[in-house]
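Protein chains in written order, with our numbering: chain A, 1 to 292; chain B, 1 to 292; chain C, 1 to 292; chain D, 1 to 292.
There could be a bad hint or two in this list.
Since the list gives no way to pick out one identical chain from another, each pair is judged satisfied if it fits inside one copy or across any two copies.
Stated by the list, open to error - Listed next, the in silico BS3-like pairs over lysine-lysine satisfying Cα-Cα at most 25 Å (straight line):
#  : residue 1 : residue 2
1  : Lys-287   : Lys-171
2  : Lys-122   : Lys-280
3  : Lys-280   : Lys-260
4  : Lys-122   : Lys-260
5  : Lys-260   : Lys-287
6  : Lys-122   : Lys-251
7  : Lys-280   : Lys-251
8  : Lys-251   : Lys-287
9  : Lys-171   : Lys-280
10 : Lys-171   : Lys-122
Don't read these hints as lab results, they were simulated from the structure.
There are 4 protein chains.
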Amino acid sequence: MHESTRPAPTTTATLLISCNDREGIDAAVTGFLAEHGGNIVHLDQHVDFEENVFFMRIEWELAGFGLPRDEIPAAFRAVAERFAMNWRLHFSDYTPRMAIFVSRLPHCVFDLLARVESGEWKVEVPLVIGNHPDPAGLVERFGVEFHHMPVSPENRAEQERRQLELLRSRKVDFIVLARYMQILGEEMVAAYPNRIINIHHSFLPAFPGARPYHSAYARGVKIIGATSHYVTVELDAGPIIAQDIMHVSHKDTVDDLIRKGRDLEKMVLARAVWSHLQNKILVYHNKTVVFD
Amino acid sequence: MHESTRPAPTTTATLLISCNDREGIDAAVTGFLAEHGGNIVHLDQHVDFEENVFFMRIEWELAGFGLPRDEIPAAFRAVAERFAMNWRLHFSDYTPRMAIFVSRLPHCVFDLLARVESGEWKVEVPLVIGNHPDPAGLVERFGVEFHHMPVSPENRAEQERRQLELLRSRKVDFIVLARYMQILGEEMVAAYPNRIINIHHSFLPAFPGARPYHSAYARGVKIIGATSHYVTVELDAGPIIAQDIMHVSHKDTVDDLIRKGRDLEKMVLARAVWSHLQNKILVYHNKTVVFD
Amino acid sequence: MHESTRPAPTTTATLLISCNDREGIDAAVTGFLAEHGGNIVHLDQHVDFEENVFFMRIEWELAGFGLPRDEIPAAFRAVAERFAMNWRLHFSDYTPRMAIFVSRLPHCVFDLLARVESGEWKVEVPLVIGNHPDPAGLVERFGVEFHHMPVSPENRAEQERRQLELLRSRKVDFIVLARYMQILGEEMVAAYPNRIINIHHSFLPAFPGARPYHSAYARGVKIIGATSHYVTVELDAGPIIAQDIMHVSHKDTVDDLIRKGRDLEKMVLARAVWSHLQNKILVYHNKTVVFD
Amino acid sequence: MHESTRPAPTTTATLLISCNDREGIDAAVTGFLAEHGGNIVHLDQHVDFEENVFFMRIEWELAGFGLPRDEIPAAFRAVAERFAMNWRLHFSDYTPRMAIFVSRLPHCVFDLLARVESGEWKVEVPLVIGNHPDPAGLVERFGVEFHHMPVSPENRAEQERRQLELLRSRKVDFIVLARYMQILGEEMVAAYPNRIINIHHSFLPAFPGARPYHSAYARGVKIIGATSHYVTVELDAGPIIAQDIMHVSHKDTVDDLIRKGRDLEKMVLARAVWSHLQNKILVYHNKTVVFD
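Construct all of the structure, not just a fragment, from the sequences and the given hints.
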């Protein structure tokens, strides 16, 4: 479906690293790769000088690299321990598995599934879970299984347990809340730390909680926004991944805000999921480093 | 599917007017409505002082209006003739019929059909015409008929004649070219004047014609754009309806521009179609007045 | 200084109107102008259907108008009373008088004075009042008198009284707080209702009060904003006139946010002052209608 | 003037490097710094895979670095030669010297001088050269010398020779054309390669040359733009540093475009100068890498 005729990139490995900042980290990591003949294709690093934290994302070609992929972790451990690093290793030929949670509004789930189907994103969607039955037809039309799991105060704990089982049985790597209007329980959040992506329909921290477009209208703001963030136990307070806004005016009714906001929500959520899929996000102190 | 609980608006009539500017037009039009008890819900007007042209869009409730809808044209004619107006009359309970032309890239047609299906837009799509077979499955999944009509230099005239017949038989009001990579013939353009909406993947007048992302990359621009315009016989030179841009950087390859541009194309095209559906566009001198 | 060779526009009168919405207002107002041969150059109107309030801004040429300007109010009164209108009348050849309040940061006052001096805005600045002495030299360089009036909890009431006297003696029409870091007293606010324009360095309602860039940094937002609003007695809660944002990233320190924010503050404040100078703002229910 | 209380950063050295891409460059450069105890504060790199060119900007603290600053070039040469690097070395305690060229419009020169005076930028402005006398008073008010050097087809070569002498005598490092409406000669361009920054008032490559706002108006575009680029001998065709746009509508006259464009020009030019001052720009193949 692509307009490009560029050859597919070769398989790469990506290291995501954070640790206390001190001299020599760059040299140690790039030296490690050079030693094994690794050809670096991307290197991003960042230092938070207030907190003295170092962050790095380094991606190199596996072709020609002197270590087989399953020996990389053990070999890198010496470097990692020297700097007390937190680190993760990803391979570009792995296809991550994404679950989508949805309520009644279909625009975000539609947009996500269209990106998957058209090959824009390299991701599998083994299932969609909805607390309303409405999106079933739409989801199944994409050949994706839909689980209708209504949630009430009484059955919430039980439903979440069932959801967790489902997610595990489908080997889900991360979850996207596509305008899912339920608060997740602590167990669910703990099971997918920094791996549940929500879209909130305001420019947080303004207008958290329910009905932000109505609040925005009442306050008479001249912009509306959307915020994508990782879910934590505190509502709408997790680490922000992406935000954007649209200009509005006195002409816009609440319905106009809702209509315009839908496009904003789709775009901001898609941008956050894209960054997550590219393994470009590091989280610390309830904030994100998002390499671009 | 809407979040709103607002009651549906009542049926309205909308007049779109343009004429040479002179004193008293506003008073004549609003006086005409007042005389018949018309409650104005929107009034937009604009004067191009360089060209001395007056434009107005006026929308009023039919409930309580003193004239039955089929008598409005005759009654308004006196006002219109006094100022030598060009004018059109629309009723909000008419559902326009939109045909979509597509080539291989599915993102725009997907986005359009999703908006129609979710009820975001009040429009019927009786058919999609494609010069490639690829989008057939996607389109039919929305319950819309797909006509595969490949076009070559040899059969172009014949195919356009068949297309025009199809469009007429389906009572199509306007056409959207959703990344349709063929140039339309004069007969087609003449059959739908200011009623064929194209999306071009650059900020026109920069990078008209083929492969604008490649040209943008080669020039090293720091923004990419998309332009929606009415189709005229001159390629990419019709009246512009909507434009927007995204910031890019040296990090973006041609493939990145293509990927980012897809979202831009979807958004800008949707904005233009929305304005068209709202009867908010007036065309003159190869330019548009787009009321918001 | 202008690049344009367009002839200066003729003198115009502008009516700003708000009232309960009902049928016939447009016809009554445009009929009044037509009756006296008024050539309308701009007409904007808006209806808030939730609150049932009608707003209009109508501007017409005085040349050829059948009423001398001092007879317009009495003549219009009949129309106004029929619809219980709130209304104001402005003439385009009047040059409004703007006072500027400033603390230590010079970028906003610099930008405002540069616009006045270069002829971009038609406004007089009879004085600048500062609670710090720092901007004195800069202000006087523009030939504008600077009053250093330090404010402390003890002398606040007394200083405001002196400020009000100064403002009256200089016939000030409206006040711009150009990053003035003091809260105004009730008497001052009451003396200039909807005529004191503030710039707050966040996208309100997020981050009201002191040090919003520090709060934005701590929260890890991906956008920073600025908000221009009319001052009311409640801090940072007045009717919003203009807002805009800039994208930021993990790379931006608090100092970067402050640096980038300065440009945003200048632009948003200038946009709000421009709208005010054009008599394009109507206030109701702590919100604004800003015609463009 | 700053709101920040952060301690001033220590003096740093910055290397800007480009060369053909191959394995081991990162390791060689970071290894060189590690060897001498250099604490890296910023590292940005980029690879253009189409052209196989590697780019790096690396900044480290001089405090604690094992080499005195005048020995760095000789020591680094071994690394540089191994990879056939183009490279430059900057020290953060050097204050660059910027000349400004201006014609009649004052907004850009005003904005630049205000940023210098308020301490926002660390740069000296030894002189401003104008081909019109108008900005003299404004410039001298900032304590900067102004040279009125009118240019005509007859005296152009002679004036440029005098300008070059002036620039050399004032030890100017780079030149900013602040809406200077003259084309520079080849000798001038050759004397300051990639060190003359222009602001053009359109989104290039659209509307190069004279009167772009008039052309934009005539075409009926819905955005206007500004482009800052390094000057080459071909008019408006040099490497683009920064671009931005504003949305406009049918309501905007040419005068409105000019007025709105002024703010855009100021902002885009300032952003380009800032990147230049931070030594964040690398030029190749008539394009730029602009690290942020």
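Cross-check of the supplied hints:
1. In this homomeric assembly, Lys-287 and Lys-171 never come within 25 Å of each other (Cα to Cα): the closest approach is 27 Å inside a single copy and 45 Å across copies.
2. Taking the shortest Cα distances, Lys-122 and Lys-280 sit within 25 Å of each other inside one copy (15 Å), while across copies they are farther apart (33 Å).
3. Proximity of Lys-280 and Lys-260 under a CA criterion of 25 Å is satisfied inter-copy only: 17 Å between copies versus 28 Å inside one chain copy.
4. Taking the shortest Cα distances, Lys-122 and Lys-260 sit within 25 Å of each other only across copies (16 Å), while inside one copy they are farther apart (28 Å).
5. For the identical chains of this complex, Lys-260 and Lys-287 are inter-copy neighbours only, at 20 Å across copies versus 28 Å inside a copy, given an alpha-carbon limit of 25 Å.
6. Taking the closest pair of Cα atoms, Lys-122 and Lys-251 come within 25 Å of each other only across two copies (20 Å); inside a single copy the shortest separation is 40 Å, beyond that limit.
7. Proximity of Lys-280 to Lys-251 under the C-alpha cut-off of 25 Å is restricted to the inter-copy arrangement: shortest distance 14 Å between copies versus 39 Å within a copy.
8. When the C-alpha separation of Lys-251 and Lys-287 is checked against a cutoff of 25 Å, the pair qualifies only between copies, where the shortest distance is 12 Å, while the shortest distance within a copy is 36 Å.
9. With identical chains, the CA atoms of Lys-171 and Lys-280 are at most 25 Å apart within one copy only, with a shortest distance of 22 Å there and 44 Å across copies.
10. Only within a single protomer do Lys-171 and Lys-122 lie at most 25 Å apart by alpha-carbon distance; the minimum there is 16 Å, versus 40 Å between protomers.
Of the numbered hints given earlier, the model fails hint 1 alone.
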